[in-house]
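Please arrange chains P, L and W on chain A, whose structure you already have, making use of the hints.
4 protein chains.
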Amino acid sequence: MPVLLVECPDQRGLVHAISGVLLRHDGNVVGNHEFVDAQNGRFYMRTEFDGPWTGDAHEVGERIVAETLAVLPAGARVRLARSVPKRIVVLASREHHCLGDLLLRHQFGGLNARIEAVISNHAVLGDLVGKFGVPFHHVPAEGMDRTAHEAAVAALLEPIGPEFLVLAKYMRVLSPAFVARYPSRIINIHHSFLPAFIGAKPYHQAFQRGVKVIGATAHLVTDDLDAGAILVQHVIPVDHTHAAQDLVRAGRDVEQFALAQALRLVFEDRVFLAGNRTVIFD
Amino acid sequence: MPVLLVECPDQRGLVHAISGVLLRHDGNVVGNHEFVDAQNGRFYMRTEFDGPWTGDAHEVGERIVAETLAVLPAGARVRLARSVPKRIVVLASREHHCLGDLLLRHQFGGLNARIEAVISNHAVLGDLVGKFGVPFHHVPAEGMDRTAHEAAVAALLEPIGPEFLVLAKYMRVLSPAFVARYPSRIINIHHSFLPAFIGAKPYHQAFQRGVKVIGATAHLVTDDLDAGAILVQHVIPVDHTHAAQDLVRAGRDVEQFALAQALRLVFEDRVFLAGNRTVIFD
Amino acid sequence: MPVLLVECPDQRGLVHAISGVLLRHDGNVVGNHEFVDAQNGRFYMRTEFDGPWTGDAHEVGERIVAETLAVLPAGARVRLARSVPKRIVVLASREHHCLGDLLLRHQFGGLNARIEAVISNHAVLGDLVGKFGVPFHHVPAEGMDRTAHEAAVAALLEPIGPEFLVLAKYMRVLSPAFVARYPSRIINIHHSFLPAFIGAKPYHQAFQRGVKVIGATAHLVTDDLDAGAILVQHVIPVDHTHAAQDLVRAGRDVEQFALAQALRLVFEDRVFLAGNRTVIFD
Amino acid sequence: MPVLLVECPDQRGLVHAISGVLLRHDGNVVGNHEFVDAQNGRFYMRTEFDGPWTGDAHEVGERIVAETLAVLPAGARVRLARSVPKRIVVLASREHHCLGDLLLRHQFGGLNARIEAVISNHAVLGDLVGKFGVPFHHVPAEGMDRTAHEAAVAALLEPIGPEFLVLAKYMRVLSPAFVARYPSRIINIHHSFLPAFIGAKPYHQAFQRGVKVIGATAHLVTDDLDAGAILVQHVIPVDHTHAAQDLVRAGRDVEQFALAQALRLVFEDRVFLAGNRTVIFD
Numbered sequence: 107m108p109v110l111l112v113e114c115p116d117q118r119g120l121v122h123a124i125s126g127v128l129l130r131h132d133g134n135v136v137g138n139h140e141f142v143d144a145q146n147g148r149f150y151m152r153t154e155f156d157g158p159w160t161g162d163a164h165e166v167g168e169r170i171v172a173e174t175l176a177v178l179p180a181g182a183r184v185r186l187a188r189s190v191p192k193r194i195v196v197l198a199s200r201e202h203h204c205l206g207d208l209l210l211r212h213q214f215g216g217l218n219a220r221i222e223a224v225i226s227n228h229a230v231l232g233d234l235v236g237k238f239g240v241p242f243h244h245v246p247a248e249g250m251d252r253t254a255h256e257a258a259v260a261a262l263l264e265p266i267g268p269e270f271l272v273l274a275k276y277m278r279v280l281s282p283a284f285v286a287r288y289p290s291r292i293i294n295i296h297h298s299f300l301p302a303f304i305g306a307k308p309y310h311q312a313f314q315r316g317v318k319v320i321g322a323t324a325h326l327v328t329d330d331l332d333a334g335a336i337l338v339q340h341v342i343p344v345d346h347t348h349a350a351q352d353l354v355r356a357g358r359d360v361e362q363f364a365l366a367q368a369l370r371l372v373f374e375d376r377v378f379l380a381g382n383r384t385v386i387f388d
Numbered sequence: 107m108p109v110l111l112v113e114c115p116d117q118r119g120l121v122h123a124i125s126g127v128l129l130r131h132d133g134n135v136v137g138n139h140e141f142v143d144a145q146n147g148r149f150y151m152r153t154e155f156d157g158p159w160t161g162d163a164h165e166v167g168e169r170i171v172a173e174t175l176a177v178l179p180a181g182a183r184v185r186l187a188r189s190v191p192k193r194i195v196v197l198a199s200r201e202h203h204c205l206g207d208l209l210l211r212h213q214f215g216g217l218n219a220r221i222e223a224v225i226s227n228h229a230v231l232g233d234l235v236g237k238f239g240v241p242f243h244h245v246p247a248e249g250m251d252r253t254a255h256e257a258a259v260a261a262l263l264e265p266i267g268p269e270f271l272v273l274a275k276y277m278r279v280l281s282p283a284f285v286a287r288y289p290s291r292i293i294n295i296h297h298s299f300l301p302a303f304i305g306a307k308p309y310h311q312a313f314q315r316g317v318k319v320i321g322a323t324a325h326l327v328t329d330d331l332d333a334g335a336i337l338v339q340h341v342i343p344v345d346h347t348h349a350a351q352d353l354v355r356a357g358r359d360v361e362q363f364a365l366a367q368a369l370r371l372v373f374e375d376r377v378f379l380a381g382n383r384t385v386i387f388d
Numbered sequence: 107m108p109v110l111l112v113e114c115p116d117q118r119g120l121v122h123a124i125s126g127v128l129l130r131h132d133g134n135v136v137g138n139h140e141f142v143d144a145q146n147g148r149f150y151m152r153t154e155f156d157g158p159w160t161g162d163a164h165e166v167g168e169r170i171v172a173e174t175l176a177v178l179p180a181g182a183r184v185r186l187a188r189s190v191p192k193r194i195v196v197l198a199s200r201e202h203h204c205l206g207d208l209l210l211r212h213q214f215g216g217l218n219a220r221i222e223a224v225i226s227n228h229a230v231l232g233d234l235v236g237k238f239g240v241p242f243h244h245v246p247a248e249g250m251d252r253t254a255h256e257a258a259v260a261a262l263l264e265p266i267g268p269e270f271l272v273l274a275k276y277m278r279v280l281s282p283a284f285v286a287r288y289p290s291r292i293i294n295i296h297h298s299f300l301p302a303f304i305g306a307k308p309y310h311q312a313f314q315r316g317v318k319v320i321g322a323t324a325h326l327v328t329d330d331l332d333a334g335a336i337l338v339q340h341v342i343p344v345d346h347t348h349a350a351q352d353l354v355r356a357g358r359d360v361e362q363f364a365l366a367q368a369l370r371l372v373f374e375d376r377v378f379l380a381g382n383r384t385v386i387f388d
Numbered sequence: 107m108p109v110l111l112v113e114c115p116d117q118r119g120l121v122h123a124i125s126g127v128l129l130r131h132d133g134n135v136v137g138n139h140e141f142v143d144a145q146n147g148r149f150y151m152r153t154e155f156d157g158p159w160t161g162d163a164h165e166v167g168e169r170i171v172a173e174t175l176a177v178l179p180a181g182a183r184v185r186l187a188r189s190v191p192k193r194i195v196v197l198a199s200r201e202h203h204c205l206g207d208l209l210l211r212h213q214f215g216g217l218n219a220r221i222e223a224v225i226s227n228h229a230v231l232g233d234l235v236g237k238f239g240v241p242f243h244h245v246p247a248e249g250m251d252r253t254a255h256e257a258a259v260a261a262l263l264e265p266i267g268p269e270f271l272v273l274a275k276y277m278r279v280l281s282p283a284f285v286a287r288y289p290s291r292i293i294n295i296h297h298s299f300l301p302a303f304i305g306a307k308p309y310h311q312a313f314q315r316g317v318k319v320i321g322a323t324a325h326l327v328t329d330d331l332d333a334g335a336i337l338v339q340h341v342i343p344v345d346h347t348h349a350a351q352d353l354v355r356a357g358r359d360v361e362q363f364a365l366a367q368a369l370r371l372v373f374e375d376r377v378f379l380a381g382n383r384t385v386i387f388d
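Residue numbers (our numbering), protein chains in the order written: chain A, 107 to 388; chain P, 107 to 388; chain L, 107 to 388; chain W, 107 to 388.
In silico BS3-like cross-links for lysine-lysine, where the CA-CA straight-line distance does not exceed 30 Å: (1) A:Lys237 <-> L:Lys237; (2) P:Lys237 <-> W:Lys237; (3) L:Lys307 <-> P:Lys307; (4) A:Lys307 <-> W:Lys307.
If you're looking for bench data, these hints aren't it; they were derived computationally from the structure.
Here chain A stands alone, though its shape is the one from the complex (with noise of 0.2 Å):
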């Protein structure tokens, strides 16, 4: 079913307006929302319809995106996402957990996504994927600098040209270089709920601190780490008994939990970007 997502300064007759274009092209609404950032000024709608067309519904769609450009003031986005799978690339590093539940996903059907291929820092995981049939690529960073280690992950993306990465415990910081080639693309699973423990070994921190809940945060990845805009987050209780390592442990299936819908979200044209906010119309 085709959606419909526009963004645009907020000003009276949106609502009305858009669902006039729809309405032009029989198009049958089956769900709509709506959000008016009132500090900003800005608008968002994600309408889903359906509609009689048969033939070339793909020319269709453009002339609904058209058509409602034309009645939005200066400034306003429109874009009718399609109905198929995003194609990604995963990117792990030594744990399993946040990656195998994706493949999961994946085999199944689950992830309204296909995994073009997975990249790791480390070899440890490729047998895991090859289970799955999923191309693995090992791209060691030991002895290379931050740069020629990006290239070369760089170079496997290329003839994939994937719409988004995943991070799945991906345990090394991108540059701003490379994050700059998939803007609000790059999703990643960050293990404690930011923007607490920021950094390395949050769980550590967290364990320091003597904290009684614990938790993740599923993020669009941007220049500055960990601070980019958020998706999801989950938390569980912890207590004394948790040492460092038990928080860990108890954090896994958080993490992927809170990624896992994350992903649903975006791969479902559900998530709009707000400055360094997300609106999301689940």
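For chains P, L and W alone, kept in the frame of chain A given last:
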């Protein structure tokens, strides 16, 4: 801010038609929610809007309702919610925690309702209610049959004419005849996550069953005990160290929280009744 | 690390007596939990300890058990848990998510158990199981009565002699005779927060009832369907936008999480059965 | 029921030795918790017990403490908690919700403490406190430096001599000198899940950061703002529709819940301070 509430059989063009009416009156949509119950072919919409009206806003409101009805299919219900506090009466028995929480919220303007009176079949909470300057009526039930007791309660309610009755741990079962006077206008808090542990002593049932989670359910009251449409449910984890009385104590916080949240939703006109289910726009 | 598990009628001095036995053998208590079920006058204790034993630690263990029994009242049960992975068989049907999660944990040593085999009444999951090098047995149930089908399953189990059976969304009801072979040794995941929605199609029941929370329950299997002692329950919030099939999807994550957590507790010997309730030391 | 609280360097035989002391006095252990902080080699134990003592139970208690100390290594701390309500003073500012909740619990015997007085730097809550018959002292801070203001507060506290101070949304930072008078005896509620959003206006920080979860932290107060040992943390999910003021409102319920729970733990003598972490036996 006025809120337009629409419910009707689903058909193409509803959003466009309704937003057109608001636009003709220079209404500015601030928040908008729709939901299509595909299974039953039913459309629900809640729109917050403001406009440039001076003088008789009430008359504009009536015209908006009338014109909206005119563009909708047969069987539509349209209502303009007034942004004035609801007038309510609270029924209680012996337990203070939900009632106390409501009185506190009421006192500080956080309830979006005016408590016209508290009626109880026990005298014990009279002192608490009196502290907050709310009229308290003790209607003992002992030695009376249900009909007589309800008649006494009804006689107190008659001159008040409340919009809603709130059962804040009111431990008596209301008769169908009594319930029928307040269709979908009685809100109860039940101390289990319904439909588990219907009826009396749910915490003792929960203890016997050895559950690891207990909860509370705020729901609309119908003839059938604990079977009305659910508004809010919250749960908390428990374990084997909780004796039945510990479950009772632990449950109190979640009861008052669930009830307060349900009242906010109802009193802000965010709830539609869809058969025995609720559609809630929050 | 050895774990001493004690259960007996409560009386004064139990902790002192048991800790005395360990002390006599130079045992060092690393973790200790006790619980007194006051209602039933029953004492439960779980003690992790280590010691300076070289050579036949097994023999020391047997002496500790015997000496502990000697200081306890009649009716005591004492057991020393071996810290070796449990040997288990998983029964499944068509749904992959719980099974897949267990296979992943198993593969990476996170299950504290060895999956000796997977048995299913459908063939569809054979490919998944095969990826992980675990024996898969398809025992079709069609055209067979339950007795015959269970006999075929039992014939497969016979040579394996598993310590536990795990029902990972196994969609068949086991007969009392079959259950009796594995007393308190069959773990099931039921897709509702029991005792709500016992039996078939709990998500459809939940949808009809309009609940705002759904959940999953891992429990020990007894003769009475879905009535066994509860190990773990988890819930997630839902709303009116969730059709029955959305509840099914949303429930999967919580099912696999609850089952995995329950297995960890059982396989680490953290669970006592107290009538139809569980005492869990975590 | 008396509660024995023990903290000492870990060594073999502690449980046996301590339980032996209780046994010698015919003490019957009703509940027992131990924890060994392996990293720091420290042992913590909390034992609820009763006995057949008539007459001077106090004297028996003193002998139990002395004899327990005698069997423990150097550096042990032993304390017998009296089961009488703690004497406390509550400090507040303008916000009523935490204070109101405490007053309600206090009124109905649910706080396990006696509120000797409420002190506020604003007058606005005096009416509320008065309803519950608790002395209210308004100590304005305007035009005063912190030292002078704290001296005025201290002068009020002096004759009361409270065991604990509770900061129920007290919006002023206490000086190290003031804090030093109540070592580990001041409990604060901070409106974020620490260590995220330390300091002022955490909800506004949370809004800017676009978090999907907000929370509250009850903690012991130390010199370092919001850095004291954490007692309780609770969170609730939020989304893009929550403006900063909505976060404030949503957070209130979780603040008062976290504070009430923390006070229960402290006032029931369930909390040990282990460096900057808490060991909590619940």
